[in-house]
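Protein chains: 4
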Amino acid sequence: MNKHFLSKRHVEFRDTDMAGIVHFSVFFTYMEQAEHELLRSVGMSVVHEIDGQKISWPRVAAECNYLRAIKFEQIITVQVSILRIGDKSVTYRFRFFESEQEIANGKITAVCCYFVHGSRPISVVIPDSVRSLLHEYLE
Amino acid sequence: MNKHFLSKRHVEFRDTDMAGIVHFSVFFTYMEQAEHELLRSVGMSVVHEIDGQKISWPRVAAECNYLRAIKFEQIITVQVSILRIGDKSVTYRFRFFESEQEIANGKITAVCCYFVHGSRPISVVIPDSVRSLLHEYLE
Amino acid sequence: MNKHFLSKRHVEFRDTDMAGIVHFSVFFTYMEQAEHELLRSVGMSVVHEIDGQKISWPRVAAECNYLRAIKFEQIITVQVSILRIGDKSVTYRFRFFESEQEIANGKITAVCCYFVHGSRPISVVIPDSVRSLLHEYLE
Amino acid sequence: MNKHFLSKRHVEFRDTDMAGIVHFSVFFTYMEQAEHELLRSVGMSVVHEIDGQKISWPRVAAECNYLRAIKFEQIITVQVSILRIGDKSVTYRFRFFESEQEIANGKITAVCCYFVHGSRPISVVIPDSVRSLLHEYLE
Chain A
1 MNKHFLSKRH VEFRDTDMAG IVHFSVFFTY MEQAEHELLR SVGMSVVHEI DGQKISWPRV
61 AAECNYLRAI KFEQIITVQV SILRIGDKSV TYRFRFFESE QEIANGKITA VCCYFVHGSR
121 PISVVIPDSV RSLLHEYLE
Chain B
1 MNKHFLSKRH VEFRDTDMAG IVHFSVFFTY MEQAEHELLR SVGMSVVHEI DGQKISWPRV
61 AAECNYLRAI KFEQIITVQV SILRIGDKSV TYRFRFFESE QEIANGKITA VCCYFVHGSR
121 PISVVIPDSV RSLLHEYLE
Chain C
1 MNKHFLSKRH VEFRDTDMAG IVHFSVFFTY MEQAEHELLR SVGMSVVHEI DGQKISWPRV
61 AAECNYLRAI KFEQIITVQV SILRIGDKSV TYRFRFFESE QEIANGKITA VCCYFVHGSR
121 PISVVIPDSV RSLLHEYLE
Chain D
1 MNKHFLSKRH VEFRDTDMAG IVHFSVFFTY MEQAEHELLR SVGMSVVHEI DGQKISWPRV
61 AAECNYLRAI KFEQIITVQV SILRIGDKSV TYRFRFFESE QEIANGKITA VCCYFVHGSR
121 PISVVIPDSV RSLLHEYLE
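Residue numbers (our numbering), protein chains in the order written: chain A, 1 to 139; chain B, 1 to 139; chain C, 1 to 139; chain D, 1 to 139.
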């Protein structure tokens, strides 16, 4: 069964460009904000501490397909689900709707990493506690 | 033969996030800015008039793969080429380098459209004059 | 009596910079979003039609004072009031709070303008219907 | 004598909004980018190390006055000078020009701070070596 997380938002003025529509790059911050809401909804944060280790999720891939333009003050719903939980990475799927019509869809793949201040992030196997929390939204 | 356009830039402070690196969404505006530079280099603009008709290029797809993080004040080179010129669309390919190392790569597909104020953009066959200008950067 | 409008929000990841705090420029979009919420709350929009004329509110001045830094996922309250309604302009005052502590405050002055497509905006006397709606939030 | 630093730039597509002009918040990142260019021109960076101490410059105030709208692909010149060097703070003045016409002007006041990872920045007296470098652009 396909469980997903829903996030609702207004299109803000600054999200638009001179073409009068939401700029294509803004959909990526919309996706990220919906992902972070999902994480908060299961009691996590994108910057999280587990056993005294700071973990976060740098992105390795992101993509978006644009079906229809949206405009200032339109209300959009972002539907988030998890397409895949790998050993070290998670792929989120996003679908954007305005009044029931799909306007865009996309994916983000993020890698679970330990962060030590001043050094490069080190990818690690997703801790079981995190895995089981994310499992709720696995397609 | 593979001809490409090169664009060079500094990473700005606002391009970074609390992880200390360039935010993944920023690569999409980097791509767009390099695309617009390429268009200017052949005498066009992304908002262009041909035979009294305003044409522009809404995006239908965008993607990016992230290989290495980059930081404030690093200098990056964006290499742009054209992967495909279709009847109505163009797919650009972008590769990002910092000190010879590839840090990311991506694609944007844009559709040639007529813009009439107040109505929806209408996709049109790419005018021959535009096609031949873009041809210079076709892979 | 001092009536004000309240807007609540999360700090988003993209709002931060490499210093780990919200970038100073972001407070201006926070102010604008709170202003637009206030306008919606009285049945207006920042892009509004009155008697078949499109009016909007270009800015002539904006300022912000920063008292304390704020971080990702902190919840901030933006308090908006109107400092002055002139013949043609409105000055909004904004105060930002996090857990009762003031973190920043600022002002935006916007001018009422008619927009005709393709020409420069023309400043006009604020229509009475608009003036009386805004009056509710006048300090 | 009034010495100033000059920075030139294109207006990018993402800098615009649905009103077809540069969004008012973007002027603040333009100011910051010109400030950082000025710092680089005298051999500094906004994130700088002196005697093993990391110093940076959080903002305490920022303001902008808007005189004329600017549009996509217009070329603007930002003129930066230093209005005041205090014990611990610097106030920069910015003037924006397009084809000789002033389009906006603004100020940013930044405070010299030591950054220790994980703690609050501590304001400090501007080191003499920094003060003398900045002095070159003092009005």
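Hints may contain errors.
What the simulated footprint calls covered on chain A by chain D, stretch by stretch (three residues with Cβ under 8 Å from a Cβ of chain D suffice, anywhere in the stretch; the number is not a length) [unchecked claim]: (1) 3-17; (2) 20-32.
Simulated crosslink set (DSSO-like; lysine-lysine; CA at most 30 Å straight-line) [to be verified]: (3) Lys71(C) x Lys8(A); (4) Lys71(B) x Lys107(D); (5) Lys8(A) x Lys88(C); (6) Lys54(A) x Lys88(A); (7) Lys88(B) x Lys107(A); (8) Lys54(C) x Lys8(A).
Just so you know, these hints were derived from the structure itself, not from any lab. Glycine included, each C-beta is placed from N, C-alpha and C at the ideal position.
Here's how the hints hold up against the structure:
| no. | hint | verdict |
| --- | --- | --- |
| 1 | 3-17 | holds (count 4) |
| 2 | 20-32 | holds (count 4) |
| 3 | Lys71(C) x Lys8(A) | 23 Å, holds |
| 4 | Lys71(B) x Lys107(D) | 26 Å, holds |
| 5 | Lys8(A) x Lys88(C) | 35 Å, violated |
| 6 | Lys54(A) x Lys88(A) | 15 Å, holds |
| 7 | Lys88(B) x Lys107(A) | 25 Å, holds |
| 8 | Lys54(C) x Lys8(A) | 28 Å, holds |
Hint 5 from the list above is the single one not met by this structure.
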